[in-house]
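Colleague: Read top to bottom, the protein sequences are chains A and B. The opening position of the first sequence corresponds to residue 23 in our numbering, with each subsequent residue numbered one higher. The opening position of the second sequence corresponds to residue 468 in our numbering, with each subsequent residue numbered one higher.
The reader is advised that the hints may include incorrect statements.
Covered by chain B, per the in silico footprint, the following chain A stretches (three or more residues, Cβ under 8 Å) [as the list claims (entries may be wrong)]:
1. 30 to 41
2. 74 to 88
3. 144 to 151
With a cut-off of at most 30 Å between alpha-carbon atoms, the simulated BS3-like pairs for lysine-lysine come out as follows [what the hints assert, rightly or not]:
4. A:Lys88 <-> B:Lys483
5. B:Lys483 <-> A:Lys83
6. B:Lys483 <-> A:Lys132
If you're looking for bench data, these hints aren't it; they were derived computationally from the structure. Cβ coordinates follow ideal geometry from the N, Cα and C atoms, glycine included.
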Amino acid sequence: MSANAKDLRHPLKRARGLGSAQSGVGHWWTQRVTAAALILLGVWFVITVLSLLHADYATAKAAVAKPWNALLLILFIVTMFWHAVLGLQVVIEDYVHTRWKEVVLLVAIKFLAVLCALAGVLAVLRIALGV
Amino acid sequence: MADTRRPLSPHLQVYKWQVQMMTSILHRATGIALAVGTLLVVWGLLALAAGESHFDQFKTCIGSPLGIILLVGWSWALFYHLCNGIRHLVQDTGAGYAIPQFVRSSWLSVIVSLLLVILVWAYVLTAGGAA
Chain A
23 MSANAKDLRH PLKRARGLGS AQSGVGHWWT QRVTAAALIL LGVWFVITVL
73 SLLHADYATA KAAVAKPWNA LLLILFIVTM FWHAVLGLQV VIEDYVHTRW
123 KEVVLLVAIK FLAVLCALAG VLAVLRIALG V
Chain B
468 MADTRRPLSP HLQVYKWQVQ MMTSILHRAT GIALAVGTLL VVWGLLALAA
518 GESHFDQFKT CIGSPLGIIL LVGWSWALFY HLCNGIRHLV QDTGAGYAIP
568 QFVRSSWLSV IVSLLLVILV WAYVLTAGGA A
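Build the full structure now, drawing on both the sequences and the hints.
Modeller: The structure is reproduced here in structure tokens:
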């Protein structure tokens with residue numbers, strides 16, 4: 023376990039792998055996983071929007087209502103807001119140096135992201151289920 | 468303002484301009500722009516779910532001159548963040564850190580994103596006008 027006799031950290035600390043910020047590489051890793059998903063979903067989204075360039079209302083609605091499109095759209099919305107929150111969080115942590123403003127902004131973007139993501143998902147579901 | 472009175476590291480203006488620093492700053496800037504752009508996606512879906520008159524209103528807004536300018540900006544931001552994001556994912560594996568490679572991949576992100584945005588808008592225009 024402690025090959026390095028000079029290491030003053032408890033072996034349990036190393037085993038947990040959470041580091042000094044207590045959250046380990048969770049944020050970093052989730053940002054990468056959502057990024058990888060968004061490469062595929064983002065390209066699909068752009069192509070789908072381009073294919074609907076001159077579609078009238080009924081055609082656009084029917085396209086969103088297709089099962090695969092509805093599924094991928096919901097995935098896109100959730101992943102997009104998740105990735106956006108992780109990115110904005112780092113920007114706020116880097117540039118907002120007054121603690122209470124930082125915390126207020128960090129919570130505000132999370133509230134806003136969940137609100138918008140749910141609104142988007144509900145809109146897709148309403149279209150897909152025809153309610 | 469900062470609560471603490473620690474010495475600050477040298478700020479941006481003391482550095483010689485380099486493409487790597489521009490790609491890094493642009494990655495953040497386009498990320499923030501895209502986070503705002505997520506609202507447009509949700510707006511479009513809500514309008515589609517709400518009915519034809521709402522959707523027509525949405526189409527009029529994004530088809531207006533200001534709307535087109537914003538869409539061009541957002542599409543470039545998306546393609547740049549996509550290209551440079553892939554570059555960062557490759558670098559996360561430890562590849563491409565030699566300075567000549569780093570400079571080359573920076574230019575590649577910028578140039579490919581510009582090519583993609585030109586390609587997409589050429590398609591939009593030849594397909595018979597925007598929106």
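Colleague: Work down the list of hints and note, for each, if the structure agrees.
Modeller: Taking the hints in turn, this is what the structure says about them:
Interface restraint, the segment 30 to 41 of chain A with chain B: violated (0 residues with C-beta to C-beta distance below 8 Å; minimum three). Check on the segment 74 to 88 of chain A: 6 of its residues sit with their Cβ under 8 Å from a Cβ of chain B, so the three-residue criterion for coverage holds. Taking a C-beta to C-beta cut-off of 8 Å, the segment 144 to 151 of chain A contributes 5 residues in contact with chain B, enough for the three needed, and the coverage statement holds. Under the criterion of a C-alpha separation no larger than 30 Å, the hint pairing Lys88 (chain A) with Lys483 (chain B) is inconsistent with the structure, at around 52 Å.
Of the pairs offered as hints, the one joining Lys483 (chain B) and Lys83 (chain A) is violated, with about 52 Å between alpha carbons and a cut-off of 30 Å exceeded. For the suggested pair Lys483 (chain B) and Lys132 (chain A), the alpha carbons sit about 37 Å apart, so the restraint of at most 30 Å is broken.
Of the numbered hints stated above, those contradicted by the structure are hints 1, 4, 5 and 6, listed in ascending order.
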